[in-house]
Each structure stands twice: as C-alpha cells, then as structure tokens.
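J.: For the protein sequence lines, the chains are A and B, in the order given. To convert, note that position 204 of the first sequence is 204 in the UniProt record's numbering; the numbers rise steadily by one, no gaps. To convert, note that position 331 of the second sequence is 331 in the UniProt record's numbering; the numbers rise steadily by one, no gaps.
Among the hints, a few may not be true.
[What the hints assert, rightly or not] Computed far set for chain B versus chain A, every beta-carbon distance over 10 Å: (1) Gln-174; (2) Glu-323; (3) Ala-385.
[What the hints assert, rightly or not] Among the chain A residues that face chain B by a calculated CB cut under 8 Å, a handful are: (4) Ala-59; (5) Phe-93; (6) Pro-117; (7) Gly-123; (8) Asn-125; (9) Asp-128; (10) Ser-174; (11) Asp-175.
I should point out that these hints are in silico values taken from the structure, not numbers from a laboratory. In this text, a Cβ means the ideal position worked out from N, Cα and C, and glycines have one as well.
So you can see what is in the structure, the chains are spelled out below.
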Amino acid sequence: MKLLGSTFLFAMGMVGIAQAADLRVEVKTPEGTPLAHAVVTVSGPGKATGVPANAFSMAQKNKTFIPFVMVVPVGAKVAFPNQDEIKHHVFSFSPAKRFEHELYGKGETRTVVFDKPGTVAIGCNIHDRMEAYIRVTEAPLAAVTDEKGVAMLSGITDGEHTVEIWHPYQKGDSDTPISRKVSFSGSGITTEVVEMTIGQSPRAPQQQN
Amino acid sequence: MFTRLRTKLTFFYSALFALIMMTVAGGVYSMISTNAIGSARAQLEATSAAFQRLETLQIEQLRENVQISSRDFGFRSAISLGPSEPETIRSALANLRLRMNADVAYVIFPDGTSISDTLSAALPASMIDTLSDGNEHEGGVVLGQSAYRAVLSPVFAPNLVGWILVGNRLDDSQMQALVTLSSIPIQAELLLLEGGRQIPVARSTPSAPEPRSAASAPEGQLLQQTLRLPGLAGDEMELELSFPRELALQPMWSLLRVLAVIGALGLALLSIAAWLLARSITSPLARLEQATRDVEDGTYQAVELSSSDEIGRLANSFNLMTEAIEERTHTITHQALHDRETGLPNRAFFEERLTGLPPSDVVVSVVGIDRFQPIRDAIGYAQTAELIKAIGARLGLLETVVPPADLSGGLLAVAFQAPSDEDAENWLAHLLDVLEQPVDIAGQKIDVMARAGFVRNSVTEANGPTVVEKAAIALDQARGAFAKTGLFDAKSYGDPVANLSLMGDMLTGFENGDIFLAYQPKLNLQTQKIESVEALLRWRHPQRGMIRPDIFVTMAENTGHIRALTEWVAQRAVADQRTLADSGLPLRFSINVSGRQLGDGSLIELLDTLEVSSPDQLCFEITETAVMGDPDNAVSDMRAICEHGFSISIDDYGSGLSSLAYLKMIPAQELKIDRSLLLGLAPQSREAFMLRSTVELGHGLGMKVVAEGVEDVETLEILRDVGCDLAQGYFICRPVPLADLTDWLKQERPAFLPEARLSA
Chain A
1 MKLLGSTFLF AMGMVGIAQA ADLRVEVKTP EGTPLAHAVV TVSGPGKATG
51 VPANAFSMAQ KNKTFIPFVM VVPVGAKVAF PNQDEIKHHV FSFSPAKRFE
101 HELYGKGETR TVVFDKPGTV AIGCNIHDRM EAYIRVTEAP LAAVTDEKGV
151 AMLSGITDGE HTVEIWHPYQ KGDSDTPISR KVSFSGSGIT TEVVEMTIGQ
201 SPRAPQQQN
Chain B
1 MFTRLRTKLT FFYSALFALI MMTVAGGVYS MISTNAIGSA RAQLEATSAA
51 FQRLETLQIE QLRENVQISS RDFGFRSAIS LGPSEPETIR SALANLRLRM
101 NADVAYVIFP DGTSISDTLS AALPASMIDT LSDGNEHEGG VVLGQSAYRA
151 VLSPVFAPNL VGWILVGNRL DDSQMQALVT LSSIPIQAEL LLLEGGRQIP
201 VARSTPSAPE PRSAASAPEG QLLQQTLRLP GLAGDEMELE LSFPRELALQ
251 PMWSLLRVLA VIGALGLALL SIAAWLLARS ITSPLARLEQ ATRDVEDGTY
301 QAVELSSSDE IGRLANSFNL MTEAIEERTH TITHQALHDR ETGLPNRAFF
351 EERLTGLPPS DVVVSVVGID RFQPIRDAIG YAQTAELIKA IGARLGLLET
401 VVPPADLSGG LLAVAFQAPS DEDAENWLAH LLDVLEQPVD IAGQKIDVMA
451 RAGFVRNSVT EANGPTVVEK AAIALDQARG AFAKTGLFDA KSYGDPVANL
501 SLMGDMLTGF ENGDIFLAYQ PKLNLQTQKI ESVEALLRWR HPQRGMIRPD
551 IFVTMAENTG HIRALTEWVA QRAVADQRTL ADSGLPLRFS INVSGRQLGD
601 GSLIELLDTL EVSSPDQLCF EITETAVMGD PDNAVSDMRA ICEHGFSISI
651 DDYGSGLSSL AYLKMIPAQE LKIDRSLLLG LAPQSREAFM LRSTVELGHG
701 LGMKVVAEGV EDVETLEILR DVGCDLAQGY FICRPVPLAD LTDWLKQERP
751 AFLPEARLSA
C-alpha cells in the first residue's frame, strides 16, 4: 500500500520550467468507489526529456508482485528482485514485451528493458495467482492512483494536453485508455474526475501487500 | 333355467371356478403389470440417474483436465501468440487433445476469433458472446455434426488471453454403452432442444436419426424417462430413455398363458369331477323320481340303491312308503270293489268287468232271494251275510264270464254266455235249482227261494238304466208276474225319464185345458135322483194321448206336485159346482185327496182358500189306507176338514188291508165300497151277504154307503136291496165333462130301476 501510494513522477527532466500547473485526477467507479491502480498519463506539446535515470523495480514478495501496477517510460529498465524464500519464474507473453526469467531465488534479481509502449502483463509460471502490470508509456508525465483513487501530476506546461487513464481490469479493450483533452495555463491544480467501469477479473487476484 | 340337477351343479361349480380363475388372472395381471412397468420405470430412472452421475463425473474430469491444460505454460505461451499464428495454435490444440483424450478443442481469442485443430468452422459469434463472460462453462453442445460434452475455461497469462473449449463426443456408442448399464434392453436417445424442436444427435439403436416433435412421441406404448442436460451455450439437451411397454409386459403374458392353461385344465377337471359327483347324486335321484312317477301311475316297484347315504336312506324310506301305499291302495281298491260283509265283488266291480265284454252273447242276470228281509230279520245280518256268501260261492261254481257280485239287499248279479234268450232262461232255471238247495248256516239248514231277472248285455244309453239295473227291473217284473225268471220288458217298464218330463207338462196342461175334470153322477137309490157327482181327473196329452190318472197322480205324489194338483182339482170343482148351481142344478161334489197330503198341513191351507156357500155339499174322498202311515196327524187333518164343515168319504173300502180299527178313527160321513166287492154279486150269494154286512157296518157307524163300479141293473137292484144309499158306475153314467153332465142332467130319461121292483 505504501508502495502503491508512492506515485512518482518520472518526468524529472521538466524541473526548471518556471510556469507549471498541477493535475489531480480522481478515478472512481460509476458507483463512486475510488479506483486504485489506474495509470494516468499526460502528454502535451512539450517535448519529453528522455528516459530518466531512475531505476524501476518490481519485487516479488509473499508471492506477490509489488507494485501491482507500475507505469514506466519507454526504454525503462525494470528490475524484478526476488525477496521471497522461494523461487519465481517471472514471464510476460504481452506483445509489448515478451520475456521470461526462469526460476531465480531469493536475493537474485533480473532486469528487463521495456522498449515498446503498451501493456505488459507479468506473471509467475509457478504461481498462477501472481499477477502484475507494467504500463509502458511515451508520455512525459504519469502516475498511478492510490487507494483513494487519486493521482497527482505536477509540472504541467501551458497548453492543451492529452490526459489518458488506463486500468488493467478496465472493460472493453484492455489496451486502449480513456482519453481526455485538458488545457492548462499557469500554475494551480486542475482536478479531473474520471469514471471507469471495471470488469471483474476472472481470477479476482487478491493483491497482497 | 336348468331342468337337471346335474347340469346345474356342473355349471355352477365350473362357473365358480372360472370366476375364481378369472379373478386370479385379473389380480395377477394387475399386480404383475404394475410391477413390470414399475420395475421398467425403475430401470429407466436408475439408468438415467447413472447417466447423470457419469456425466457429472466426466464433466468434472474434463474440467479438471481443461483447467490444468489452461495453465500449462507452454500452452499459454502458444495461445499468447494470438490468431496470427493459427498453425502453432492448432498443433498446440492437437497436443492438448491427445493429452486429454478429448475429441474436440477450440481456442477462442478475446477478439472473438476461434480456432480448432479438427473443425474448420469457427464458433458462432453468438456462442462466443455467451461464453466470454469470464466464467467457466460446461454442458452439451453441437459442433459440426456431432454433439459434445464440453468445458470452456478462460486462459490467463496472467491476464485473460483467451479461452479453450474442450469436448468429448456424445455419440451412438456412448448411448450404446449407456444402455448396457440397464438390465433390460432400453433405448437411449440424445436430443438437442433447439427452439422447441428435438434434434436427435445420438441414439443407442442404429436407426436413421429423424427430427421429431415432442407431440409425436407415442405416449402409452413407451415407458420414458427424460433427463435434461445443461447446454454449454443456452440450448439444452435431453437424454430420452425409453422402453416399450409391450416388452415390459412380456413376461406377464407368458405367465398369464401358463395361468390360462392351468385354468383351462382345472376347469375341465373340475367340470368332469362336478359332473361325476352330480351324477352320483342325481342318478339315484332320477331313479327315485322315476319310481315316484311309477307310483303315480299305479306301479309299485322298489328302488334298489346300494348307497348308505341320505339318498340311500331316502330310497329305503321311499320303498317302505311305497309298500304301505300299495297295501293301502290294495285294501281301498278291494273295499271299493267288494262288499264288506260278504267279501263278494260289488256292483261297481261287476259293471266294470262287464263293460270290457262284447255285449252280444252275454246275458246279465240279477238273482233275488225271496223274502230276503224277513229272512234277514229272522237270522240276523251276520248270518245273512254268510248265507249270501254261500250262495255267491255256488254261483261261482258255474261257468260265468263275470264273477258273481253281491248287489246287497239279497240281490246277486251274474253274467254268462247264452246264444239265445231261451238258452238263458234254461240256464237260469238250472241255476235257481242249484241255489234253492238248502244252505247250511251255523249248523242250520236254511231253505231259500230265488228268482232271476235277466237281460242281454248292451251298451248303456245316456241317462238310461244300466244293464244291471235292467236285470234288476226284470227281476221285479218276474216277481210281479210270480214267475221264477223274467226277461227285461222295456215296454211294461215304461220310460221313467219321460214320466218325469210329464210333470213339467202338467202346469201347461192346467192352463190350456189338457187336464180337466170329468164328473160321474151318483144315483140316490132311494129317490132315484142324481144328487151328487164325483170329480175325476182326466189328461188328454197332446203327444201321448189320454194318460191314466193312476200314472200321473202317482208321479205327482212321488215328485211333490200333488199339492198343486189337489189344489187345482178343488178350485176347479168348486167353480164347476157354482156353475151348475147357477144353472139350477145344485149338486153335492166329491173330490179325491191323496193320502200323502194328510198330516203335512197343506190340506188345511187349501181348505181356507175354498170359497163355498155350503161346505157340506163338498166331500173329500180319502182312502182308508191314508191314515195307516201317520194316524195321529192324518186324523187331525180329517177333523180339520170336518170343522170346516166339509164332509169326508172313505174311498175304496174293502180293498187291500181294511182295518176296522182305522175305520173307527176316521170321522167320515160316507163309506165308499170298493168295486171289487161287487164282483160275482148275485142275489143270496156270499158276496151279497158280505155286501149287506158292510152296508150295515157303515150305517152302524153313521155313514152313508156308496157303491161304485155298477155296470148292470142286477147289481143296482141288489145294492138297493141291501140298503146301499148311493150307486155310481157306467150303468148309470160314465164320467163326463161338465158340459155333457149338464146336458145329461137336464135330459129326460127312464128310471134306472123298475118301479115295480122298487115298490116290492
């Protein structure tokens, strides 16, 4: 939960721009339930500053991928450290990134570079219930909603931006996000409330914190 | 309905048995058919339940297999390649099927495309829509031309990358395997229910599948059990198990056949047994029945029965009864046909035997013992019976055609053959000679005299006398003629029947004048004058001519008509007397009264009705013998006559048994001497002397003396000489009708007696 809540900006490169606005996105179901694990991206006229140097990590702990949903920029290198006593076999058959790291044990880690935008569903071959999603995006700003369904994005330049919201269990096309055009000018916080219909996961994976 | 006990018993026993057998058969039918159908249904249900259980197991197994396969890394890896690599997918499916021993497999991708390794056709979009709700699905489905039991499971990697559908074929062999579970040869059929239609998809019997609707199912002929199977994608399937009812009932029919055979044999045996038993009962009964009929007809025959049961005892009782009846009948018959005292056959017996004989040359004779009553009074009834018996025995020694019979009253009948009447008479004379030999009765010799009347046997005419009666009459005739034998004389016997009808004619005779009174004058010998007349009855019958008064008066007496006759005579005479008196001829009238009427009161009634001015001018002539039967009442009636003022004349005095004792009793004013006293009358004769004495007797008793039957002047003279008062007879005047009498009285005539003699 703490990790889930640690929404981060990977658009660190935008620091230095004097005039910047903030965007607060609230994602909830039509019934009004706050929706966590939604990925919010903002892409605008400004040019992206490239791949940040941040190291991305998706740990395996208690037979759970942590975090459940992670958004990374294209080209990001994500480590998959095993923090369990048992071995895991992390794989993805997603077209955006197919990879497989056969059984590796505690303390070991494997890294994957996600070089194509898209959704990568990650599983463990020996633990069917283990499930995680990495959204690879080209957008300069991205955040994942916390358990209150809120994502805060800051440093948005003036102009019209495309705000996209994606959730791994969203209804309909699982790869196409909800897209909105939002204009920003000057500083201040703009709040966008987004309703999203969630299909029940067939396996109803229980996120274990 | 049944006239024979045997038929009745046999029928009822057989019917009862048949009824029982039919009831048993009905019960067996009902029970077995219920059982058979029940057990067939149970089989169907059991098979259905087994199928359901098996199906559940197989689905479960299939599901497990599918779930395992869907998580197979390699398989998931292959699926995740997507529709762009169909051949890889197909090979993976083939591999999967091989592992799972499945018949069909599909991969369905999230985009709706589907791939199978065996079937080229993609799954219909509607099916995919139904299935792609993220859940597992299972049930029957028709893919291509075959039905399958299938399981659909989503494939996660770890997100949903598609579904796999794996199925096993539900075909004829499955159905055949299914029906082997049942102990009876049932049929199984799998139907797809699609929009109200039933599409056969598999069946246990190899017949061509044909679509049919639920309505056409031959209800009643088939026992059915249906099982709904869930469909994979909406459409349901139905397993239909059926068993022909006929087949279920088959064992029952063979049982019923056995039962029918047993029933038929039993019925035959029972019928024969019942018939035999009934015969053992009814055959003696039939013999008894025949014997009773024989008794009815007069044949007494013992029934011999060896059995000692009720029927045997009945037969014994019957035999005893028959013997008793026979004995009694014999006694009664004997008594009816024999005289009780003499033991000789009686008249009924004799006549019965006689009727059977040819009439022509048979002569019937009745032999009468003279003075039978005095003999009987003398020796007593018992000895008389002995006497008759002895005479009968003598008759029995003779050659007769009918045994001699005792007619009672001292009469015996005998019948014999005689070609002519002379022969018969000779034979009878001989017979009487034999009979008149002295008879020894109780040590005493008794002489009997006998006579015989006879007649030739003939058929009795209707209402006529029988032959025996004729012979008896002939006997009477012979007695009357003082002859030993006499042949029946029909003429002298007359015709009693015709005489009887005469009485019927009498009343009409009164009315039309056939019966009339004739008057005979009486001459007063002193005065030579006619002072009185006697009224005499005359009947001129239109058919029979003049009928003698003694005949019809006697008949009137015997038939009770005498009252009417006397009354008519009295009234007629009174009327005539008045007529004469009116014409200047007053006469004293005498009428005859039957002695039978004296004492019965009828005469007194008559006296009251007579209207006469001077009763002393009417005289009632009554015979002396009239008082002999009942003197007291007769004399009482006579006194009544005198009290009425009428006078009485004693008629026919001197004939028969004249009794001075009676003469003394009768209050008469006149004595009428019978004509027999005038026979051979001559002056100075004994007859004249007797006449004189009689006249004097009459005078001495204060009576006038009348003589009747005077036919010549000599007699008249003697009568005058002996002092007789009145004379009557043909010499004076014959009886004449009233008109002639008047004429006769008025005519001039010479004196009946010479005057000289009178004066002398």
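J.: A separate judgement is required for each hint: does it hold in the structure or not?
T.: Okay, the hints, checked on the actual structure:
1. Gln-174: Gln-174 of chain B is indeed farther than 10 Å from all Cβ atoms of chain A, at 31 Å.
2. Glu-323: 121 Å, holds
3. Ala-385: Answer for Ala-385 of chain B: holds, closest chain A Cβ roughly 149 Å.
4. Ala-59: 17 Å, violated
5. Phe-93: Holds - the Cβ of Phe-93 of chain A comes within 8 Å of chain B, reaching about 3 Å at its closest.
6. Pro-117: Where the cut-off is 8 Å and the nearest Cβ of chain B is about 17 Å from Pro-117 of chain A, the hint is violated.
7. Gly-123: With a minimum Cβ separation of about 3 Å from chain B (threshold 8 Å), the hint on Gly-123 of chain A holds.
8. Asn-125: Because about 5 Å separates Asn-125 of chain A from the closest Cβ in chain B, which is inside the 8 Å limit, the hint holds.
9. Asp-128: For Asp-128 of chain A, the interface hint holds, since the closest Cβ of chain B sits about 6 Å away, which is under 8 Å.
10. Ser-174: Ser-174 of chain A check passes; min Cβ-Cβ to chain B is 7 Å, inside 8 Å.
11. Asp-175: Not OK, violated: Asp-175 of chain A not within 8 Å of chain B, min 10 Å.
The structure fails hints 4, 6, 11 (numbered hints given earlier, in ascending order).
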